[in-house]
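Asker: Chain order of the listed sequences is A and B. So this note's numbering is basically just the index in the first sequence, starting at one, shifted up by 4. So this note's numbering is basically just the index in the second sequence, starting at one, shifted up by 257.
Just so you know, these hints were derived from the structure itself, not from any lab. If you're wondering where the values come from, they're calculated on a predicted model, not measured in any experiment. Glycine residues also receive a C-beta, built at the ideal position from the N, C-alpha and C atoms. It cannot be assumed that every hint is accurate.
Listed next, with one range per pair, are the computed distances between beta-carbon atoms [as the list claims (entries may be wrong)]:
no., chain 1, residue 1, chain 2, residue 2, range
1, B, Gly400, A, Asn14, 39 to 45 Å
2, A, Thr166, B, Val353, 39 to 45 Å
3, B, Thr333, A, Lys15, 53 to 59 Å
4, B, Thr300, A, His126, 35 to 41 Å
5, A, Gln190, B, Gly352, 31 to 37 Å
6, A, Pro349, B, Gly400, 24 to 30 Å
7, B, Val353, A, Met330, 34 to 40 Å
8, A, Gly12, B, Gly352, 46 to 52 Å
9, B, Pro348, A, Gln190, 38 to 44 Å
10, B, Leu360, A, Pro375, 50 to 56 Å
11, A, Asp360, B, His383, 50 to 56 Å
12, A, Ala104, B, Thr320, 36 to 42 Å
13, B, His358, A, Phe324, 33 to 39 Å
Straight-line C-alpha distance at most 27 Å; calculated DSSO-like pairs for lysine-lysine [said to hold, decoys possible]:
no., chain 1, residue 1, chain 2, residue 2
14, B, Lys376, B, Lys433
15, A, Lys160, A, Lys6
16, B, Lys433, A, Lys6
17, B, Lys376, A, Lys122
18, A, Lys285, A, Lys323
19, A, Lys15, A, Lys394
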Amino acid sequence: MKAVTWAGRNKVEVREVPDPTILNARDAIVRITSTAICGSDLHLVDGYVPTMQDGDVLGHEFMGEVIEVGSGVAPERLRVGDRVVVPFPIACGACGACAAELYSCCENSNPNAGIAEKMFGHPLAGIFGYSHLTGGFAGGQAQYARVPFADVGPLKIESELTDEQVLFLSDILPTGYMGAEMCDIQPSDVVAVWGAGPVGQFAMDSARMLGAATVIAIDKEPYRLRMAAEAGYVTINFDEVDVRSRLLELTGGRGPDKCIDAVGMEASHGSAHIHAYDRIKQAVRAETDRPHALRQAITSCRSGGIVSVVGVYGGFLDKFPAGAWMNRSLTLRTGQCHVQRYMEPLLRRIESGEVDPTRIITHTLPLDEAPHGFEIFKNKQDDCEKVVLKP
Amino acid sequence: MDLSATTTIRRPVSEVYAFWRRLENLPTFMAHLEEVRTTGERTSHWTASAPFGRTVEWTAEVTEEVPDEKIRWRSTDGADVPNTGAVLFVPAPDGVSTEVHVLLAYDIPGGELGKAVAKYFGEEPHQQLDDDLRRLKQVMETGEVVRSDGAPWGKRARKEFPQRPAMPLSAAELAKGVEA
Numbered sequence: 005m006k007a008v009t010w011a012g013r014n015k016v017e018v019r020e021v022p023d024p025t026i027l028n029a030r031d032a033i034v035r036i037t038s039t040a041i042c043g044s045d046l047h048l049v050d051g052y053v054p055t056m057q058d059g060d061v062l063g064h065e066f067m068g069e070v071i072e073v074g075s076g077v078a079p080e081r082l083r084v085g086d087r088v089v090v091p092f093p094i095a096c097g098a099c100g101a102c103a104a105e106l107y108s109c110c111e112n113s114n115p116n117a118g119i120a121e122k123m124f125g126h127p128l129a130g131i132f133g134y135s136h137l138t139g140g141f142a143g144g145q146a147q148y149a150r151v152p153f154a155d156v157g158p159l160k161i162e163s164e165l166t167d168e169q170v171l172f173l174s175d176i177l178p179t180g181y182m183g184a185e186m187c188d189i190q191p192s193d194v195v196a197v198w199g200a201g202p203v204g205q206f207a208m209d210s211a212r213m214l215g216a217a218t219v220i221a222i223d224k225e226p227y228r229l230r231m232a233a234e235a236g237y238v239t240i241n242f243d244e245v246d247v248r249s250r251l252l253e254l255t256g257g258r259g260p261d262k263c264i265d266a267v268g269m270e271a272s273h274g275s276a277h278i279h280a281y282d283r284i285k286q287a288v289r290a291e292t293d294r295p296h297a298l299r300q301a302i303t304s305c306r307s308g309g310i311v312s313v314v315g316v317y318g319g320f321l322d323k324f325p326a327g328a329w330m331n332r333s334l335t336l337r338t339g340q341c342h343v344q345r346y347m348e349p350l351l352r353r354i355e356s357g358e359v360d361p362t363r364i365i366t367h368t369l370p371l372d373e374a375p376h377g378f379e380i381f382k383n384k385q386d387d388c389e390k391v392v393l394k395p
Numbered sequence: 258m259d260l261s262a263t264t265t266i267r268r269p270v271s272e273v274y275a276f277w278r279r280l281e282n283l284p285t286f287m288a289h290l291e292e293v294r295t296t297g298e299r300t301s302h303w304t305a306s307a308p309f310g311r312t313v314e315w316t317a318e319v320t321e322e323v324p325d326e327k328i329r330w331r332s333t334d335g336a337d338v339p340n341t342g343a344v345l346f347v348p349a350p351d352g353v354s355t356e357v358h359v360l361l362a363y364d365i366p367g368g369e370l371g372k373a374v375a376k377y378f379g380e381e382p383h384q385q386l387d388d389d390l391r392r393l394k395q396v397m398e399t400g401e402v403v404r405s406d407g408a409p410w411g412k413r414a415r416k417e418f419p420q421r422p423a424m425p426l427s428a429a430e431l432a433k434g435v436e437a
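Bound-form chain A, shown alone (with noise of 0.2 Å):
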C-alpha cells in the first residue's frame, strides 16, 4: 500500500509498504477513505520528537471502513463493513487509567512504555504514527491501517454525515473541546485562545457552546484570524499589538478568566530577541520546548483563573512563570486529548448543527500529494488551515 514515511527531519516521503496485518486478536484493519495532517505531526516532522525512525508511517486522524477483525473483537463491537473513525490514542478499555476515562494515559497499550517512563515518569498510551515512545505504531495517513484494541476506540458512523464532518472527532475536535472543558466555564466568563490554528478554532467553538460570554482568537497569521473573526470571534494579531495590553483592554483591565493554550512547544514570539533566546536554546537542546504562549496565557489570565494547555509539549521548558501562577493562585490543567471520552456526545453536536467542523478545512489533497500538504502547512503558505488527504 501507499503510506506517508517519515525520512529524517524534515523530509515526508509516499512510499510503497506492506499492507498492515492483525498481530493482536483485539484488532482490526481499516480501509482509509480520509485522514489528515495534524499540527503535532510538525513536532515530529521538525525533529522535535526524539526515537523517530526512518520508515515510521506518519498519521493520527482517520476514518474508514472496517475489512478484517481479529477473533478477539466481538461482532456486537465491530464488523467488517462498519464505518468508524479512529481515536488517535490506544486504549485497551481495562487498566485503572481507561477505567477512570483517562484514555491517553492507558497503562497497557504502549509496548515501548519502558522508555516513555524514563522520559516522563510514568509511561502514556500508544499512539498512531507519533514515534517510538508512543509504542511504534504505524500511522494512519496511508490506505490502510491496523487499530489495536478495535473493541474499545473506533467510533461507528451509522448516518448519512460526510467524512469531512466526522473526520475530525479523531483528534482535533475532541482536543479543543477537552481544552474548553477544563476551563469550567462560567456564563460571565471571557476565554482567550492561544493559536488560532485547528485546534485552536475548535476551542474557540467549544468555549462558545459552554457558554463563554466572549472568546478572544491570538495568533499572528491573518488568515487564521480571519478564519476566527468570520466564526464570531475577537482577534488580536501578536505581531501588531503588545498581547497582555490588548486583553487588558479587552476585560476592564482584569484579564481573561480562562486562558488556552492551543500552541505548545513551537511557539513564535512578536518579541524577535525573546524568540531567538528560546529558538536557540532549542536548537542546541538546551532546552526541549519553547513555551512562549505558555508564558503568555500565565501572566495574562486573571487572577484565580485557569490555563488549560492542549498544545503538545515534549520535554522541558525555562523561564516558566511559577511566580505568577502561584501569587496569583492560577489553576494549572492539561493533558493529551481522552478522545474516546468526548467521540460520542460531539458526533451528537455535529448532528444537531452545534458545531460544524468542516469550517477549518482549507486543502484536500490525494495522499501522494501529503509532502505538498506538509510543506504549505508547517510554512502557512496558501493559507493553509487544514489538509484532509484522501487515500
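The hints should help you fit chain B onto chain A, whose structure is shown.
Answerer: Coordinates of chain B only, in the frame set by chain A:
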C-alpha cells in the same frame, strides 16, 4: 544480585495469584524464561535463555505459599545460577485491583557463565523485571502481550532496539517472526 519490581493490576487478588501459581504461565510475560514445567506438587523445572543461544536450566521448589497472599521459591542444589524468588499479592486501595510485588535474587557465579549472565542483564537489570511485570499486567488486563509494528514480537521487544520502523511487516518478516 537482588531485583525488585511492582505493578498494580486491575483484577482480583485470587485471579492474579492463581495465574502466577500456575508457573507454566510465567514464560508468557517473563522475557528470559523459555519454559517452566511442573514436575511435582512443589517442584518445577525452569529453562531460561542466555546469550549466544545458550540455555540455563534448574529445578525450583516452592518453599512457601499462602493462597492469595504470597509465593516463595528457590532453586534446588546444583543450579548453574542459584536463585530465589518471592511474589506478594496485596489488595490495592481501590478495592478492585491487586498490587504485585516481586523480589528476585540471583547468586551470580564466577567464570564464563557469570559473565554471560551479567551481560544478559545489562546495565539496567531492573528494566527487564519492570518490563516483565508490564507484560503480566497486559496479559491479565487485556488477554495478551500488546504488539506494535515497531515492537511486533511481544516479550522479545527488549532485544529489538533500535526497533524496526513503525511500518507494517512484510510477509517474510511475519513468517520469520512466527518461526523464531
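Asker: Can the suggested window of 33 to 39 Å be confirmed for the beta-carbon pair B/His358 and A/Phe324?
Answerer: 36 Å, holds
Asker: Decide if the proposed pair is consistent with the structure: B/Lys376 and A/Lys122, CA atoms, cutoff 27 Å inclusive.
Answerer: 21 Å, holds
Asker: For the pair A/Gly12 and B/Gly352, does the Cβ-Cβ distance stay inside 46 to 52 Å?
Answerer: Given a distance of about 50 Å, which is inside 46 to 52 Å, the answer is holds.
Asker: Starting from the hint 35 to 41 Å, judge whether the C-beta atoms of B/Thr300 and A/His126 obey it.
Answerer: Given about 39 Å between the Cβ atoms, the range holds.
Asker: Given the hint of 39 to 45 Å, check if B/Gly400 and A/Asn14 actually sit that far apart at their C-beta atoms.
Answerer: 41 Å, holds
Asker: If I claimed the Cβ atoms of A/Asp360 and B/His383 lie 50 to 56 Å apart, would that claim hold in this structure?
Answerer: 52 Å, holds
Asker: Range first: 36 to 42 Å. Now tell me if the beta carbons of A/Ala104 and B/Thr320 are that far apart.
Answerer: Between A/Ala104 and B/Thr320, where Cβ atoms are some 38 Å apart, the hint holds.
Asker: Could one say that the CB atoms of A/Pro349 and B/Gly400 fall in the range 24 to 30 Å?
Answerer: The hint (24 to 30 Å, Cβ to Cβ) holds, given that A/Pro349 and B/Gly400 are roughly 29 Å apart.
Asker: Given the hinted pair B/Lys376 and B/Lys433, is their Cα-Cα distance within 27 Å?
Answerer: 26 Å, holds
Asker: Okay, B/Thr333 versus A/Lys15 on CB: inside 53 to 59 Å?
Answerer: Once the Cβ atoms are compared, 58 Å apart, the range 53 to 59 Å for A/Lys15 and B/Thr333 holds.
Asker: For the pair we were handed, B/Lys433 and A/Lys6, check the Cα-Cα distance against 27 Å.
Answerer: 24 Å, holds
Asker: Given the range 50 to 56 Å, decide if the beta-carbon distance of B/Leu360 to A/Pro375 lies inside it.
Answerer: Distance hint for B/Leu360, A/Pro375 holds at roughly 53 Å.
Checked against the numbered hints given earlier, this structure breaks none of them.
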